[in-house]
Amino acid sequence: MDDPNPPFNQTSEKNSVVEMHGIVKHFPGVLANDQVDFTLYKGEIHALLGENGAGKSTLMNILAGLYRPDSGTIMVRGKKVNFHSPRDAIQVGIGMIHQHFMLVPSQTVTENILLGLNDPRFLMKLPEYDQVVKDLGERFGLKVDPRAKVWQLSVGEQQRVEILKMLYRGVDILVMDEPTAVLAPQEIELLFRTLRKMVSEGKSIIFISHKLPEVMEIADRVSVLSKGKVTAAGIPAKDVTIQKLARLMVGREVLFRLDKKRQEPGPIVLAVEDLNADNDKGLPALQGVSLNVRAGEIVGLAGVAGNGQRELAQVITGLRKCNKGKIFLNGEEITNQSAGYSIQRGLGHIPEDRTQVGTSPNLSVTDNVIMKKYCQPPIARGWLIDMNQAVNFANQLKDTYEIIVPSVQTPARLLSGGNLQRVILAREISGNPKLLVAVQPTRGLDVGAIEGIQRLLLKQREAGSAILLISEELEELVSLSDRILVIYEGKIMGEVQDGDLETIGLMMTGTPLEKIQKGVG
Amino acid sequence: MSVTPTTRSSSPFSYRVVFEKRLKEPAGFISFIITLFAIFIALVISGIVIELAGGDALKSFAHILKASFGSLGVFSDTLVKATPLILVGLACSVAFRARLWNIGAEGQFYLGAFGASAVVLTPLLPADTSPWIFITVMMAAGILMGAVWGFIPGFLKAKYNVNEIITTLMMNYIAVAWNNFFIYAIWSESGFQMSRVFPKTAWLPRLADYSKTVPAFRGLTTHLGLLFGILASILVWFILYRSRWGYEIRLIGDNPKAAQYAGLNITRNTILVMMFSGALAGLAGMSEITGVVHRLQGAISPGYGFTGIIVAWLAKLNPFAVILVSVLFGALILAGREIQPSGIPKMIQGIILVCLIASDFFLRYQIRIVRRV
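Protein chains in written order, with the numbering used here: chain F, 1 to 521; chain R, 1 to 373.
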């Protein structure tokens, strides 16, 4: 393979491999990219920041050959290019890894990597290629068994397969769309190590992210897009602060300290006693969980993903049966009742998965917001639905909760993640729930949207709802919660009120509170 | 691995056609134009085949048109063929909306016909009953039997997660055998495999019955079943888009997980939708047996239940489009017999279907001609 960019060019540090000039891309009704310039140097990690809908993904999809710009030029290593498909982009060494992986679950790692290539031609010769994949993985610290089937792999491992796929295709300009959104902390560390290794071998990486601390840790330079325009072009990461980046993204100061009013919590709304439940595989997920949440307080549930948080939320909201234990909502037992039963008694639920569970993609925004109200007047009129009332209601929510959508008749699938989450929040909060179970309400959202959602939760606390907040974002838990419970392997490890991160961290890794206190005392 | 990558600029053309995914739903009229264009292309292809076979394509088409829409009389016959298709198409649309793959409309049709016949042949009602009471009771019986035939797979699906595709398909055979048992053994008329003819009081009124007052109706075979079909279309539309139950059907069909999360009772809805679907197909059977056949016999359906699946898909599960598509298929069934018992007409049906399905591509993608740079 001829390297079109011979190493002796590396004399100057500012050796650009990608230059995008004046990129304009319209979508119906939206100007996604407005005269965007973007430059990527050889051997750097360049973070691309921006709120949802700022145009980052559009810009990168143009670079990866998925979209064609309306105008503007793209130069790769000084040569003008014009991509018709991702294949063209890969041919000049540009590859993109999307948030949703493009892997075949029933095939092995090696088969996935070879998929779509002309070589090997007839016989798969898998053992031979397994070795090639293994060597490539070892070179970049991407540990994954070439013979494993993709469905057996964790999300982190699947991401490694995607990276390997790109490396195998000779990609040396890698675009990663929010690669850390799906990863556990240790996996993020591994990923960063790999990225640094790739950069040291002269590859260049564009890293789209929402998480500012992470960007500060990994990126050499940062570019920021806001509403389709560049607000910061390639500033060195060491010259900026998180606060400044946040300001560039949203155009205003973001309050990382939310002002939370002191208020005395009311009576117990949710009481969970000695709950045991199994996960999808039939293994115990909850083992004797007891907790309660009072009116007007936010109780945070911290824990590393997969320690029973999901199952707990499902059991409380009636989407999963428990084997043992009791749940009371406002003193009434709701153990193993249907989801509808609890909804009628004032339960609101912001589910973890906003596209698969929280909304219905092909139904309109209107249909989505009446999901829990279609049985009650005024939207219900006998056995009919009053469509005028429904549309009015949807428009009202659209204005109150600032849902950005051309019309409430737009199908939900066309909404961005932040807007979709607003639809869900609007629906759940507008019902003025006595208990709100919020699972990862801000995951994958940008700084501006996160703040908006967090404010809504605090407002609901002031309105007297009991809120159980299940999140993996410790900062969010600490700044929002009145109390924090920590769950580990289906057991509650203890409760903290002052947001002592060290104690929470220890409990999250399996040390019960009593042991920590004994150790101190 | 020493293949040098070939450059892409070797093409001599300076323009190329690209297909781009549509980011927005195309406007309604575009989808209509695309549909018309697909039918046009289908006719061109069919025409070529007819020419190759030594026929005269234009003449054939003219004949088809004349034989199905050429006069009030033949158009009335077209509507007679369309009537069961409308009801069965609606039956499939409702089930498919809820993502229940009811391919048992054929069986539900037979059971509906059986139910209606039973009223006459058991006999539940004497032959001199007033026609309106007869028709009402027969409708009820047809709807009930269809609903029962829909309930069984619906219940199995809801309670035991039995695949409804298999159960509904298999129950088609049971339904035919069930009918056969009665026409061979119980209601057989002097050894023939058919029942006696129903008394006139149990016939659905036809337009021709009113030719004394309206002379233009003379010889028109269109019967009351068409009205059932049109009313059922309105009812189905109203249920789907304006009722709480219809909202539940649409939500379950689009995202069952969200429906469960919203607290809907999916088990109950699965059963109810299957029963409703079966009831519509049963009504189709009742309408056909009392409006056209007037006796219970074998082969009362040339596969209406299966054509209904196609009708539902081509109508994109829209209850009003079901009427239009049914008329088109009714015309093809009727005119087809005019030009050839089998063969060409079936081929035209098939080509239209393939072209219509293929035309969906243009609803999802747009074509652009771009200059090569």
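Quick caveat, the hints were computed from the structure, so don't treat them as lab data.
Idealized CB from N, CA, C, for every residue including glycine.
Do not rely on the hints blindly, as some may be mistaken.
Quick list of in silico lysine-lysine cross-link-like pairs, DSS-like style, CA-CA up to 25 Å [as the list claims (entries may be wrong)]: (1) F:Lys-211 - F:Lys-227; (2) F:Lys-134 - F:Lys-261; (3) R:Lys-21 - F:Lys-373; (4) F:Lys-244 - F:Lys-227; (5) F:Lys-149 - F:Lys-125; (6) F:Lys-134 - R:Lys-159; (7) F:Lys-321 - R:Lys-21; (8) F:Lys-197 - F:Lys-134; (9) F:Lys-434 - R:Lys-21; (10) F:Lys-515 - F:Lys-491; (11) F:Lys-80 - F:Lys-229; (12) F:Lys-434 - F:Lys-261; (13) R:Lys-66 - F:Lys-324; (14) R:Lys-257 - F:Lys-227; (15) F:Lys-143 - F:Lys-197.
Reference listing, derived: stretches of chain F covered by chain R, where coverage requires no fewer than 3 residues with Cβ under 8 Å from a Cβ of chain R [unchecked claim]: (16) 234-246; (17) 380-394; (18) 430-442.
Hint by hint, which ones does the structure fall short of?
Of the numbered hints, 2, 3, 6, 7, 9, 13, 14, 16, 18 do not hold.
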